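**Student:** Position 369 of the sequence shown, counting from 1, maps to 369 under the UniProt record's numbering, and the rest follow consecutively.
Note that these hints are calculated values from the structure, not bench results.
The structure displayed is predicted, hence computed values, not measured ones.
Take the hints with a grain of salt, since some may be wrong.
[Said to hold, decoys possible] Calculated cross-link-like contacts (lysine to aspartate or glutamate; reagent style EDC-like; alpha-carbon spacing at most 20 Å):
no., residue 1, residue 2
1, Lys697, Asp280
2, Lys152, Glu272
3, Lys284, Asp495
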Amino acid sequence: MLTREQRIQLFSQVFRGRQEVFARRWEKWDKSIAGYAPVYTDEHKEAYQPLTPDWIEKHLLGTSTLGIYPLLQDNTCHFVVADFDSDGWQKAVQSFVGICTRHNISLAIERSRSGNGAHAWCFFSDPYSAARARKIFLAVLREAKIIDEYDKDESYDRLFPSQDFLSGKGLGNLIALPLQGIPRKDGNSVFVDVENDFTAYDDQWEFLASVTKLSTVELNALFAKFSNIPTTTISTKKNTEKNKGVLVLTLRNTLDIHRSAVPPQLISYVREHLNILNIDRLVKERAGLPTYGLQKYIKTLSVEDDSLHIPRGFQKNLRDWLKEKNIPCGFVDERPQFDQIEFSQHITLRSYQERAVDAFSNVENGVLVAPAASGKTLMALALIAQKRQPAIILTHRRQIYEQWRDQIESSFGIPKRKIGQISSTKKQALLPVAVAMVQTLSRMKDWKGLEEKFGTVILDECHHVPARMFRDVLSKFNCRYLYGLTATPERKYNDGTLISVYIGPVVHTVDKHETEKVRETETTVIAPHAEHRVRSIVSDLQVPFGDSLRHFPLIAKVISNDTNRNSLITGDVAATTRDGKKCLILTERKEHVEMLQAYLRKEFEVVMYSGDLSSRARQFALQKIKSGRFQILIATGQILGEGVDIAGLEVLFLAFPVSFHGKLAQYVGRIRREGGAKLIFDYRDPRVPLLEKMWKKRLSYYRKEGFEIQE
Numbered sequence: 001m002l003t004r005e006q007r008i009q010l011f012s013q014v015f016r017g018r019q020e021v022f023a024r025r026w027e028k029w030d031k032s033i034a035g036y037a038p039v040y041t042d043e044h045k046e047a048y049q050p051l052t053p054d055w056i057e058k059h060l061l062g063t064s065t066l067g068i069y070p071l072l073q074d075n076t077c078h079f080v081v082a083d084f085d086s087d088g089w090q091k092a093v094q095s096f097v098g099i100c101t102r103h104n105i106s107l108a109i110e111r112s113r114s115g116n117g118a119h120a121w122c123f124f125s126d127p128y129s130a131a132r133a134r135k136i137f138l139a140v141l142r143e144a145k146i147i148d149e150y151d152k153d154e155s156y157d158r159l160f161p162s163q164d165f166l167s168g169k170g171l172g173n174l175i176a177l178p179l180q181g182i183p184r185k186d187g188n189s190v191f192v193d194v195e196n197d198f199t200a201y202d203d204q205w206e207f208l209a210s211v212t213k214l215s216t217v218e219l220n221a222l223f224a225k226f227s228n229i230p231t232t233t234i235s236t237k238k239n240t241e242k243n244k245g246v247l248v249l250t251l252r253n254t255l256d257i258h259r260s261a262v263p264p265q266l267i268s269y270v271r272e273h274l275n276i277l278n279i280d281r282l283v284k285e286r287a288g289l290p291t292y293g294l295q296k297y298i299k300t301l302s303v304e305d306d307s308l309h310i311p312r313g314f315q316k317n318l319r320d321w322l323k324e325k326n327i328p329c330g331f332v333d334e335r336p337q338f339d340q341i342e343f344s345q346h347i348t349l350r351s352y353q354e355r356a357v358d359a360f361s362n363v364e365n366g367v368l369v370a371p372a373a374s375g376k377t378l379m380a381l382a383l384i385a386q387k388r389q390p391a392i393i394l395t396h397r398r399q400i401y402e403q404w405r406d407q408i409e410s411s412f413g414i415p416k417r418k419i420g421q422i423s424s425t426k427k428q429a430l431l432p433v434a435v436a437m438v439q440t441l442s443r444m445k446d447w448k449g450l451e452e453k454f455g456t457v458i459l460d461e462c463h464h465v466p467a468r469m470f471r472d473v474l475s476k477f478n479c480r481y482l483y484g485l486t487a488t489p490e491r492k493y494n495d496g497t498l499i500s501v502y503i504g505p506v507v508h509t510v511d512k513h514e515t516e517k518v519r520e521t522e523t524t525v526i527a528p529h530a531e532h533r534v535r536s537i538v539s540d541l542q543v544p545f546g547d548s549l550r551h552f553p554l555i556a557k558v559i560s561n562d563t564n565r566n567s568l569i570t571g572d573v574a575a576t577t578r579d580g581k582k583c584l585i586l587t588e589r590k591e592h593v594e595m596l597q598a599y600l601r602k603e604f605e606v607v608m609y610s611g612d613l614s615s616r617a618r619q620f621a622l623q624k625i626k627s628g629r630f631q632i633l634i635a636t637g638q639i640l641g642e643g644v645d646i647a648g649l650e651v652l653f654l655a656f657p658v659s660f661h662g663k664l665a666q667y668v669g670r671i672r673r674e675g676g677a678k679l680i681f682d683y684r685d686p687r688v689p690l691l692e693k694m695w696k697k698r699l700s701y702y703r704k705e706g707f708e709i710q711e
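Taking the hints into account, I'd like the entire structure generated from these sequences.
**Tutor:** Structure follows, in structure tokens:
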């Protein structure tokens, strides 16, 4: 029988986390919310309370509930814990214990506080690298089929510690300590015998004293084993025989492989390359912003029934890798091949456009990168004519949708009434060409065979593929030819990788300097090779709070409503307009559009264009824009950034700070569609460090593009 002091000492020796800090459980008065928070020695929360024997005793007696931080400051740990809390947790624990036993890994199984789950503890005799320990136990979890063998290692967040390294900004995750006094009375938060129907051990302290700890030598051997031997459960004789033959890949809307035929090294390869790090989540996490609902990895492959489904854009990468690894493969092509269609063409291409279309002559999927005003629509229609298959164009903007219909009518001579339409108001999949709204397709529960009707699918503005809606819609089409069009393949968070995974690599990039040269030679009004200028205007904007990324929504409100800054912008706009120039003001906030309009509408013909307009008002605004019946156009960049052709614009006012080069290229493209010198007013806010950083990123873009900077 152990004394009180001996029990506390044993408990401290077995459950070793960080000693200089611990957490205590708290509950709202009505018990609707609960959580854990670090304990401090002072009311200002500047000094952590160390974990002492007195606090451990409070935990064991039930007067407090404690949690410890397993990841030490040198990124090592004394234990690893796997958490099982879903339906069928007993079966999962038994499977996990079985695999661990096979690898001579000793476990201690604790029934959770609620009684509806378990913690599987594995203790180490000395501190061990958390990264290596996690690698070992993730491999075991995968071998036990508790986590999907195609999931990225770090995507499993029920392993403690749940990270390899401390970020430097926090304490890492915590785990609740077992043997808390209150749940113990109900037989929970205690260690159980898995082989005896999860019955609690009679003497918990005797069990803890007998726990076997893995040595560093044993852990290193396990790490070496799981690093060198691919972890997969495909090991039956039948499957091994299949893997010795030719790997069969079936090509349709996705690239399909029978799951039992996938060799271990291919599992590792697709797991590594088709789970894309979600940098949006990472940025928000580091900035202390909420990340609820954001996955750490974007999983682009899927497993259904007995098949592994890989996005078809990844086909070239996969073929190259299989060839490199000397894995023989064969293809079964289940894509439809329709009778050839001879499109009646009224398309005259410039030389650079012909080169772009020719680049796709022997390519079945990929991306065409073409700057604004390069004739992207014409090139796409020429591509459709080249492939001679029924085609559908996918877009997500109504004005772009209508532009496609206009261009199809003039280029192919097909009356609008005979062009297929899939939108909220009409759903007619007419052949040979149709135009569809992505949003409508995403809401359609029954596609009625639509996904099998077209041989060529073109996604306009394909840089939106990182959005789930676009990926889901695109993945349904079983077509022979799949192409994407964009002016800006680079994405803010490097998620442009998703474009190549779903559509394919960039096949051709139209040189923007060549398109500008063509436009300059076609105009007689403005001399060729005129320089574009950026006039940097300094504001005195200040904010009375922090300027980190998490404060940006507040900073945006200040920008939209700051009288001095808005007066500075509208004063420049008024002076420029009086000189007879047409001006475009772009901002990122709808409220800012309305604010700027209020300053200018009394003296000038102002058109406001934002997402707040009704459908009728937006149509009226578009008519005025197309006819040129305005002096000043004020719009949000999001709605005007794509697909709106506006003639006669000479001056751009960037009224709201942006930093991403891709977005800036779209905005600048609004005035670069026609030849001649253009002027950009860029409003810089040096008194707000975050906004000054954004200016420096814009400045690097201007310099890269060869703009003359006037400060």
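**Student:** All hints, please: hold or fail.
**Tutor:** Verification of the hints:
no.	hint	result
1	Lys697 / Asp280	holds (19 Å)
2	Lys152 / Glu272	holds (7 Å)
3	Lys284 / Asp495	holds (15 Å)
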